[in-house]
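Participant: Counting from 1 along the sequence shown, just add 5 to a position and that's the residue number in the working numbering.
These are calculated hints, taken from the structure and not from any lab test.
Ideal placement from N, C-alpha and C gives every residue a C-beta, glycine not left out.
Treat the hints with care, as some may be off.
To be verified - Simulated restraints on C-beta separations:
1) V31 <-> A53: 23 to 31 Å
2) T17 <-> A53: 26 to 34 Å
3) R26 <-> N46: 34 to 42 Å
4) P50 <-> R26: 33 to 41 Å
5) Q20 <-> N42: 32 to 40 Å
6) R26 <-> A68: 17 to 25 Å
7) P58 <-> V33: 14 to 22 Å
8) S48 <-> Q20: 36 to 44 Å
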Amino acid sequence: MIGTGYTGGGGTARQIAESVRDGEGVVVIHGIDYDRNGTYNFSDPQGASELNPGLPAEATDPAACG
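Let the hints inform the model, and build the full structure from the sequences given.
Facilitator: The structure is reproduced here in structure tokens:
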């Protein structure tokens, strides 16, 4: 979810960048191609995402955070 504040939500790119610079925000990158086939799919052992069952887990699993 892109946004500012603890619950996510709206926020401009500038507001989000400022919160990260001020030490009050983080960036989370999602997506891990576990089976290295070049696509996010449901056929890997992870199956559906816990965040959104309509998406494969490969697409929503956090890959990096900082």
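Participant: Taking each numbered hint in turn, which are not upheld by the structure, reported in ascending numerical order?
Facilitator: none
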